[in-house]
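Work out the full structure, taking the sequences as your base and the hints as a guide.
Going down the list, the protein sequences come from chains A and B.
First residue of the first sequence? That's 242 in this note's numbering, and the numbers climb one at a time after it.
First residue of the second sequence? That's 102 in this note's numbering, and the numbers climb one at a time after it.
Accuracy of the hints is not assured; some may be wrong.
Said to hold, decoys possible - When the alpha-carbon atoms are kept at most 25 angstroms apart in a straight line, the in silico BS3-like pairs for lysine-lysine are as follows:
id, chain 1, residue 1, chain 2, residue 2
1, B, K470, A, K267
2, B, K200, B, K135
3, A, K738, A, K308
4, A, K701, A, K611
5, A, K271, A, K356
6, B, K397, B, K470
7, B, K458, B, K200
8, A, K271, B, K471
9, B, K454, B, K470
10, A, K356, B, K470
11, B, K470, A, K410
12, B, K200, B, K397
13, A, K738, A, K657
14, B, K458, B, K252
15, B, K471, A, K267
16, A, K271, B, K470
17, B, K470, B, K458
18, A, K356, B, K471
19, A, K685, A, K611
20, B, K138, B, K200
21, A, K738, A, K443
Stated by the list, open to error - A few chain B residues that face chain A, going by a derived Cβ cut-off under 7 angstroms, partial list only:
id, residue
22, P490
23, F502
24, R503
25, A507
26, I515
27, L529
28, Q569
29, S576
Quick caveat, the hints were computed from the structure, so don't treat them as lab data.
Every residue, glycine too, gets a C-beta built ideally from N, C-alpha and C.
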Amino acid sequence: MEFLLQPLTLLTFFPLLGVLVILFMKSEMKTAIRWVALVTSLITLGLSLWVLSMFTASNPDLQLEAKYSWIQVAGWNIYYYLAVDGLSILLVLLTAFLTPISLLSTWTAVEDRVKDFMIFFLLLEVGMMGVFLAQDLFMFYIFWEFTLVPMYFLIGLWGGPRRVYAAVKFFLYTMAGSILMLIAILFLGIQTNTFNIPDMLKVLPELYSSGAIASGTQMLLFVAFAAAFAIKVPMWPLHSWLPDAHVEAPTAGSVILAGVLLKMGTYGFLRFNIALFPDATVTAAPWIALLATIGIIYGAAVSYAQADMKKLVAYSSVSHLGFVMLGLFALNPQGVAGAILQMINHGLSTGALFLLIGMIYEQTHTREIKVYGGLWKVTPVFGTIMLIASLSSMGLPGLNGFVGEFTILLGAFGSKAIGNPWYAGISAIGVIMAAVYILYMFQKVFLGPAGEITHHHELKDLNVRELIIIVPLLVFIFWIGLYPAPFFNLIAPAVEKLLSALPL
Amino acid sequence: MTQPQFTDFYTLLPFTILVVWACVLLLVDLFIPKNRKSITAALAAFGLAVTLGYTISQIGVSSIGFNGMAVLDGFSTFANVLLLISGLFGIALAHGYTKRMGIQRGEYFTLILFSVTGMMLMAQAADLIIVFLALELLSIPLYVLAAFTRKVESEESGVKYFLLGAFATGFVVYGTALIFGSTGTTSLTEIAAAASNGSSGLLLSIGAALLLVGFGFKVAAVPFHMWTPDVYQGAPTSVTAFMSSGAKIAGFVALLRVFATAFPSLSSDMTGILWVMSALTMILGNLVAISQTNIKRMLAYSSIAHAGYILMAFVPYGNKDVVSTSIAAGLFYLLTYVLTNFGAWAVVISLEKAEGKGLEISDYAGLAKKYPALAAAMVVFMLSFIGFPPTLGMVGKFYLFRAALAGGFTGLAILGVVTSLVSAYYYLRIVVNMYMREGDPVVESEPWLTFTIVVTAVATVVLSFVPQFLFLLASTALLK
Chain A
242 MEFLLQPLTL LTFFPLLGVL VILFMKSEMK TAIRWVALVT SLITLGLSLW VLSMFTASNP
302 DLQLEAKYSW IQVAGWNIYY YLAVDGLSIL LVLLTAFLTP ISLLSTWTAV EDRVKDFMIF
362 FLLLEVGMMG VFLAQDLFMF YIFWEFTLVP MYFLIGLWGG PRRVYAAVKF FLYTMAGSIL
422 MLIAILFLGI QTNTFNIPDM LKVLPELYSS GAIASGTQML LFVAFAAAFA IKVPMWPLHS
482 WLPDAHVEAP TAGSVILAGV LLKMGTYGFL RFNIALFPDA TVTAAPWIAL LATIGIIYGA
542 AVSYAQADMK KLVAYSSVSH LGFVMLGLFA LNPQGVAGAI LQMINHGLST GALFLLIGMI
602 YEQTHTREIK VYGGLWKVTP VFGTIMLIAS LSSMGLPGLN GFVGEFTILL GAFGSKAIGN
662 PWYAGISAIG VIMAAVYILY MFQKVFLGPA GEITHHHELK DLNVRELIII VPLLVFIFWI
722 GLYPAPFFNL IAPAVEKLLS ALPL
Chain B
102 MTQPQFTDFY TLLPFTILVV WACVLLLVDL FIPKNRKSIT AALAAFGLAV TLGYTISQIG
162 VSSIGFNGMA VLDGFSTFAN VLLLISGLFG IALAHGYTKR MGIQRGEYFT LILFSVTGMM
222 LMAQAADLII VFLALELLSI PLYVLAAFTR KVESEESGVK YFLLGAFATG FVVYGTALIF
282 GSTGTTSLTE IAAAASNGSS GLLLSIGAAL LLVGFGFKVA AVPFHMWTPD VYQGAPTSVT
342 AFMSSGAKIA GFVALLRVFA TAFPSLSSDM TGILWVMSAL TMILGNLVAI SQTNIKRMLA
402 YSSIAHAGYI LMAFVPYGNK DVVSTSIAAG LFYLLTYVLT NFGAWAVVIS LEKAEGKGLE
462 ISDYAGLAKK YPALAAAMVV FMLSFIGFPP TLGMVGKFYL FRAALAGGFT GLAILGVVTS
522 LVSAYYYLRI VVNMYMREGD PVVESEPWLT FTIVVTAVAT VVLSFVPQFL FLLASTALLK
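As structure tokens, this is what we get:
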């Protein structure tokens with residue numbers, strides 16, 4: 242039972258305690274249930290900061306390991322194995338940070354089945370933490386698949402009019418990706434006699450060099466893992482589930498979906514594809530860069546065509562995550578570090594945009610761009626904050642988005658693995674296009690003459706609760722934008738170690 | 102040939118206890134008044150529980166009796182435990198259900214006991230004659246049980262099951278005759294010896310193929326599955342639940358023992374046939390299940406699909422390096438299937454009304470709002486059927502697909518995961534109805550039904566976190 246007291250065990254499973262408490266509460270006690278959930282997630286945030294305080298930034302290896310044998314039957318060797326390193330620490334913090342913010346955003350938005358909502362949300366947090374912390378493939382797979390279940394219910398129960406369709410599509414699409422990964426995981430397990438990733442990394446180079454796993458097989462394994470992650474990211478052309486899921490999901494669901502769940506895909510590429518299949522990674526890099534570039538331009542173009550604010554932001558995620566993928570497969574320190582930081586940035590700025598859209602939607606019950614207009618005059622605080630979030634999303638220097646995108650483009654431009662500066666060149670157009678669609682939305686909604694909604698509604702500006710939700714995000718948007726060094730310091734050593742194993 | 106000694110009965114002791122108890126119960130039941138048949142149910146459950154206790158105490162023991170016609174080994178003990186648990190759940194489900202439907206008669210419970218004894222004999226059979234005997238002993242009570250309601254649908258179900266079952270038994274007998282003709286013996290080990298001497302020929306292959314047909318019928322594998330949806334739909338639901346678990350375990354156990362013991366020499370031909378059977382069963386079961394609107398028919402096709410998954414464990418039966426892992430995987434999957442299956446059927450029984458009402462999938466609309474715990478349990482069972490964490494079904498599929506990959510059958514494993522994806526669609530439809538549609542379902546609450554649902558749901562979740570000891574049990578459940 243010693244494993245229960247490990248910091249990472251506590252961090253991962255603490256929300257379950259909240260679930261347990263809520264289970265025994267009457268569903269009429271809505272406010273009390275909300276408080277229990279919020280306090281649970283805040284304590285989890287505290288635990289994540291405690292983990293950060295024990296984390297050594299200069300150490301490139303896995304830290305704070307909690308490793309216990311779980312299923313030891315001939316040839317299985319499955320471990321209960323949680324650990325954190327520079328690749329995952331920021332994502333862990335992001336998860337712990339966005340969960341209380343999302344919960345707070347549901348305070349008045351979710352009135353129906355509050356008890357179930359909070360239970361599913363806290364379960365989702367357990368799943369996400371587990372995905373980022375698990376260092377055993379069996380365990381990782383369990384967490385990876387498990388996150389689908391609560392998210393499925395969050396979309397299907399509290400979503401918009403087409404929620405059932407969106408929920409089922411989300412579930413089946415994502416599952417379609419992970420079934421091939423399951424086969425690849427089992428294959429690796431059989432070949433290496435273990436599911437423990439560090440042990441696997443010790444055995445694999447030998448298997449590759451001796452030809453026990455041929456290079457063609459390695460490529461197939463790479464593709465099987467990539468299928469799961471590419472759907473989750475989502476990379477063009479596997480993105481079609483995303484707009485549906487985003488538009489139908491409740492605000493808190495969208496924030497977590499964009500903020501954390503999509504990052505599980507990019508994180509998967511980083512932790513598994515690049516580390517486990519080095520030769521295939523190098524071979525595939527130009528192709529992934531091509532898909533990423535198409536995604537950047539396509540996502541931006543389609544964003545511009547949207548009439549629904551939420552859909553616009555949803556498609557912008559396709560574009561932004563294209564940048565992350567481009568950075569990852571630049572396979573040099575700038576590209577990868579920039580990509581990791583951009584994962585955080587996207588979580589912050591897109592999270593903020595979804596929250597803000599959710600706040601106005603709560604008052605007007607519409608997200609149609611054309612019915613708004615002149616909103617800034619009525620709600621100046623809301624307008625200002627929206628402007629900051631928009632500028633952050635389009636990558637204005639001084640705000641967080643710029644740091645990430647600039648580093649990624651720098652990495653991609655000089656990348657040996659991609660081998661062609663044109664990908665970075667074309668992607669840079671995506672930055673300009675981002676300015677176009679974001680500012681287009683901002684202009685139509687906040688500037689100009691008062692629209693139908695602005696005219697007829699008594700619109701209120703942000704209240705204290707809403708400010709409490711949004712200000713922490715703004716703090717990080719400025720912090721990363723003005724002084725990103727502490728964040729890069731956390732990432733860099735682990736990235737160096739990861740890349741040193743590649744045959745470049 | 103030596104005369105059977107008293108010690109021979111040690112080998113068959115679990116079976117013997119239950120047979121004697123069932124015979125006694127048949128007499129005792131005469132003195133139990135008509136409105137108090139719960140006593141018969143309790144006595145039947147007691148007999149099963151005692152036998153279960155004895156069987157568990159025998160884990161690790163192995164012996165051979167009756168001139169090698171019956172064996173007791175890890176494999177049969179594992180199967181017997183599963184079968185006895187099925188019997189217990191079968192009685193727990195039937196107790197309230199039969200009363201509610203006005204069909205509570207004492208014979209119901211004795212028939213379940215006799216059927217379980219047949220299944221247990223099947224698990225211990227080391228001779229084709231015993232296999233045949235066991236097949237009849239397990240099937241005949243099931244024919245009666247399927248027609249137990251005495252309504253048209255139920256009688257149709259019983260007659261259909263009987264006719265096709267008799268036909269399948271015919272295949273088994275004819276197969277046995279051909280095998281005897283070719284090898285001069287019905288003992289599984291002697292058949293294997295004769296076959297490896299090269300004295301076998303076409304007759305032996307035909308005989309083995311006929312046995313496959315007979316067992317294929319019992320486990321509802323494509324193309325011998327036609328009877329399943331009709332029989333499952335027409336039979337009383339508590340019988341369906343028992344039949345879909347117990348008869349399937351017995352069929353698979355017999356298939357595994359007969360093929361792995363007697364016909365390893367035929368594996369080069371049989372593996373291909375089993376591969377195709379497994380693939381077809383997975384594909385057809387899952388695809389046809391999509392279009393079902395009646396939950397009993399949907400679960401019937403789902404049980405066909407799961408037969409396909411379990412068959413996957415049989416494909417590499419001739420490969421000495423992997424046969425033990427794949428047997429273990431098959432047994433483990435049977436365990437996960439039994440728990441999940443009984444849980445799901447128990448939920449179906451909770452919602453079923455007289456005259457076959459409450460069996461449409463749309464009748465599940467709104468269940469989550471009114472009965473959150475029941476709906477949550479059903480979600481657990483559906484996730485387990487799909488093979489999703491945190492349930493035992495996921496661990497079971499992990500084990501099964503790993504065995505298929507280790508045996509070199511990558512294509513079959515890929516087919517397995519792809520059909521699992523298909524299955525997610527129709528299992529999720531129940532979840533969608535329960536949680537995302539409005540409705541006003543009425544649930545019959547009965548203590549033993551609730552007990553079954555709670556036990557199976559909790560076991561399905563909890564055992565997925567601590568499967569180590571089950572893995573060990575399954576991997577030591579070797580054939581002797």
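Results for each hint:
1. B:K470 / A:K267: At roughly 14 angstroms apart (the allowed maximum being 25 angstroms), K267 (chain A) and K470 (chain B) satisfy the hint.
2. B:K200 / B:K135: 11 angstroms, holds
3. A:K738 / A:K308: 22 angstroms, holds
4. A:K701 / A:K611: 20 angstroms, holds
5. A:K271 / A:K356: Holds. K271 (chain A) to K356 (chain A) sits at ~7 angstroms (cutoff 25 angstroms).
6. B:K397 / B:K470: 23 angstroms, holds
7. B:K458 / B:K200: 17 angstroms, holds
8. A:K271 / B:K471: The given pair, whose Cα atoms are some 18 angstroms apart, holds under the 25 angstroms limit.
9. B:K454 / B:K470: With a Cα-Cα distance of about 20 angstroms, the restraint between K454 (chain B) and K470 (chain B) holds, given a limit of 25 angstroms.
10. A:K356 / B:K470: 12 angstroms, holds
11. B:K470 / A:K410: 23 angstroms, holds
12. B:K200 / B:K397: 20 angstroms, holds
13. A:K738 / A:K657: With a Cα-Cα distance of about 18 angstroms, the restraint between K738 (chain A) and K657 (chain A) holds, given a limit of 25 angstroms.
14. B:K458 / B:K252: With Cα atoms ~14 angstroms apart, K458 (chain B) and K252 (chain B) stay inside 25 angstroms; holds.
15. B:K471 / A:K267: 14 angstroms, holds
16. A:K271 / B:K470: Holds, at about 16 angstroms.
17. B:K470 / B:K458: Measuring from Cα to Cα gives roughly 21 angstroms; hence the hint holds.
18. A:K356 / B:K471: 14 angstroms, holds
19. A:K685 / A:K611: Judged against 25 angstroms, a Cα distance of about 7 angstroms means the pair holds.
20. B:K138 / B:K200: 9 angstroms, holds
21. A:K738 / A:K443: 14 angstroms, holds
22. P490: 4 angstroms, holds
23. F502: Nearest chain A Cβ about 6 angstroms off; hint holds.
24. R503: Check passed: Cβ of R503 (chain B) comes within 5 angstroms of chain A, closer than 7 angstroms.
25. A507: 5 angstroms, holds
26. I515: Holds, about 6 angstroms.
27. L529: It holds, given that the least Cβ distance between L529 (chain B) and chain A is near 6 angstroms, below 7 angstroms.
28. Q569: 5 angstroms, holds
29. S576: 6 angstroms, holds
Hint check: no violations occur; every hint is consistent with the structure.
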